[in-house]
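Following the hints, put chain B in place on chain U, whose structure we already have.
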Amino acid sequence: MGILEVKDVGKRFGGLKALSDVTLSVAENSCHAIIGPNGAGKSTLLNCLVGKLIPDTGSVMFQGQSVLGRSPHEINQMGISRVFQTPEIFGDLTVFENMMIPLFAKRDGAYRLHAIETVMNEKSLIEEAEKMLDEVNMLDKRHMHSASMSRGDKRRLEMAMCLVQSPRLLLLDEPTAGMARADTNNTIDLLKQIKDERDITIAIIEHDMHVVFSLADRITVLAQGTPLVEDAPENIKGHPKVQEAYLGEAH
Amino acid sequence: MFGLDKKDSTLLLIVALLTMLAPFILNPFPTDSGLAQFNAGYPDLMQRFVIFGIFAIGFNILFGLTGYLSFGHAAFLGVGSYSAVWMFKLLSMNILPAILLSVVIAGLFALVIGFVSLRRTGIYFSILTLAFAQMSFALAYSVLTPLTNGETGLQLTLDDPRILGASATADGSIPVTNLFGLEMRAATDMVVGPWSFTFSVGYYVCAVVMLISFYLAIRIFRSPFGMMLRAIKSNQQRLNYTGLNPKPYTLAAFVISGMYAGLAGGLMAAMDPLAGAERMQWTASGEVVLMTILGGAGTLIGPVLGAGAIKYMENIFSKINDNVLHGWFAFLPDGIEDFVVFVIHPFVGKGWHLTLGIIFMLVVTFLPGGLVEGGQRIARFFNRKKADDPKSASTEPAE
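If you read the protein sequences in the order shown, they are chains U and B. Its first residue numbered 8, the first sequence is counted upward by one per residue in our numbering. Its first residue numbered 30, the second sequence is counted upward by one per residue in our numbering.
So that you can see chain U by itself, here it is in the shape it has in the complex (with noise of 0.2 Å):
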């Protein structure tokens, strides 16, 4: 039983249908990859798992209770953050006010009006948000805009905003679409460490074949909205159905 079940799931967009019969169960402490050509359905799914779309069929279990029906900010709350293609942060605020926001969710539930309080006496949590920046050397930068930052300064500190939460399950959606080689192997060099040093399962929708393969213990292909097989990596690359969904594909 996995930390996450994906059973029969389907979802139609008025005659197009996304996702059909998707069964996937994702083990706990693994990191799993979702791979599959443009239009497979991946981002469709992943909607699926965080509560932004409601699939018509199936059902989706997230560490035995089920997420369907549920808004993201309660399916987060459960344990699940996820990181978006391109960064979400909170632009006008600063590095470390963007640090104290899933601080306060994670201490607070869903919404707390602590109107008169101050967020500078909040001690323990403004050293658990300097501790989270210091780890991913973005200590220096605490008072700066976020909005004004690079964009794999700003992938990092949403990473670290998903982080800091202690999430059983980070899912990541394309995190390193658009990037330089270098920042790609940065990228996968970050998510090793957090992988080997936390107690999490990744969950990653992924089109580089290079960063799927260094990363994942488990990889399924989806492709027209059902998935094609489910296997370790080394099996997955030699496979002829995956060498057919993306013929002409570079992997």
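Since the hints were made in silico from the structure, they are not lab data. A couple of the hints might just be wrong.
[Unchecked claim] Computed far set for chain B versus chain U, every beta-carbon distance over 10 Å:
| # | residue |
| --- | --- |
| 1 | D34 |
| 2 | L98 |
| 3 | S155 |
| 4 | V172 |
| 5 | G182 |
| 6 | A199 |
| 7 | I249 |
| 8 | M256 |
| 9 | M257 |
| 10 | R259 |
| 11 | Q266 |
| 12 | L268 |
| 13 | L273 |
| 14 | I285 |
| 15 | L354 |
| 16 | N412 |
[Said to hold, decoys possible] Each pair of labels, with its calculated beta carbon distance range:
| # | chain 1 | residue 1 | chain 2 | residue 2 | range |
| --- | --- | --- | --- | --- | --- |
| 17 | B | I156 | U | L75 | 26 to 36 Å |
| 18 | B | G380 | U | I61 | 39 to 49 Å |
| 19 | U | I61 | B | T384 | 35 to 45 Å |
All figures in this text were calculated on a predicted structure; none of them were measured in a lab. All C-beta atoms in this analysis are idealised placements derived from N, C-alpha and C, irrespective of residue type, glycine included.
Okay, now just chain B, sitting in the frame of chain U:
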């Protein structure tokens, strides 16, 4: 000080000093000089400065922090005024219960309107609030006449019950509003040479309430709640995926700003116990938007500055009529004098709106951060000049 850091304490202190010394600061010209008409230090106007300051501070908590642009905040101001006048009619002329009731009723009203309007964001939210406010205005004018006295406006009469006070004074007139006996209308004049300064109880009551409101606003800005509100403005999607529900936050901000508006409305009625439906009209809602943007949305002091600037223009700038202009330009030859007056005429007096519009356009285009940004730029300019100046640098002690 009071749980604020050094910078905020300084700001609060400066605002406190300015409001307390306002009767001096706003009356810089001797009473019988030609410039006396620019003196803004009379109680009625000073009260309006601070009351609209409160209104704008509250509006800024919603608009400046969360970015939700409400076009219906005057409704809460109006509701506050009506509640206060009813309190004067039924309970007593003490302003304290009246103001408390205004805040509570405006808060409840904001809860209902906010609950519905906040289901939408952006322009749809603005339109919903505008619709609600116009609806309130229309209702106050027509079907709610028993409550609002329709077109005439709600006024005090000699046969109001006033169960904790007197229906009429000994000499048969309507009693005046007071704070435990301290009459709001009471004022003393201080004459220093050619200058004259007026100190009114009403103004100081409003000023103290404004300072308390300002202090609370600073606390809200610096609180985790304030940070969440700014996060909502910045990226609601990320907030959702960070495990936070933005709805309770926006609703709380809406109710708080509605309560501020109610407080302003209550104070207005406390200074002059009547309430009319026109206080709820959309132009009044638009005015507070102008004040906030002109001063600097999202800044602490901006809304107060904006409120002051607009009220000053409305009351003082509008007094410059052709006679005054002719007086100013009398030194010019006749034809040129007439021409100059002709050119300036549309911008002053009744045309003050035109000047306000131009200033507003200039501020929005060149100073998106409002007057506050203007001030910051000037400060930065002088700081840089100082830093570049080797003379001033050499006077600094070496470390």
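So, going through the hints one by one against the coordinates:
| no. | hint | verdict |
| --- | --- | --- |
| 1 | D34 | violated, 7 Å |
| 2 | L98 | holds, 16 Å |
| 3 | S155 | holds, 20 Å |
| 4 | V172 | holds, 35 Å |
| 5 | G182 | holds, 35 Å |
| 6 | A199 | holds, 46 Å |
| 7 | I249 | violated, 5 Å |
| 8 | M256 | violated, 6 Å |
| 9 | M257 | violated, 7 Å |
| 10 | R259 | violated, 6 Å |
| 11 | Q266 | violated, 6 Å |
| 12 | L268 | violated, 7 Å |
| 13 | L273 | violated, 5 Å |
| 14 | I285 | violated, 8 Å |
| 15 | L354 | holds, 45 Å |
| 16 | N412 | holds, 19 Å |
| 17 | I156/B with L75/U: 26 to 36 Å | holds, 34 Å |
| 18 | G380/B with I61/U: 39 to 49 Å | violated, 58 Å |
| 19 | I61/U with T384/B: 35 to 45 Å | violated, 55 Å |
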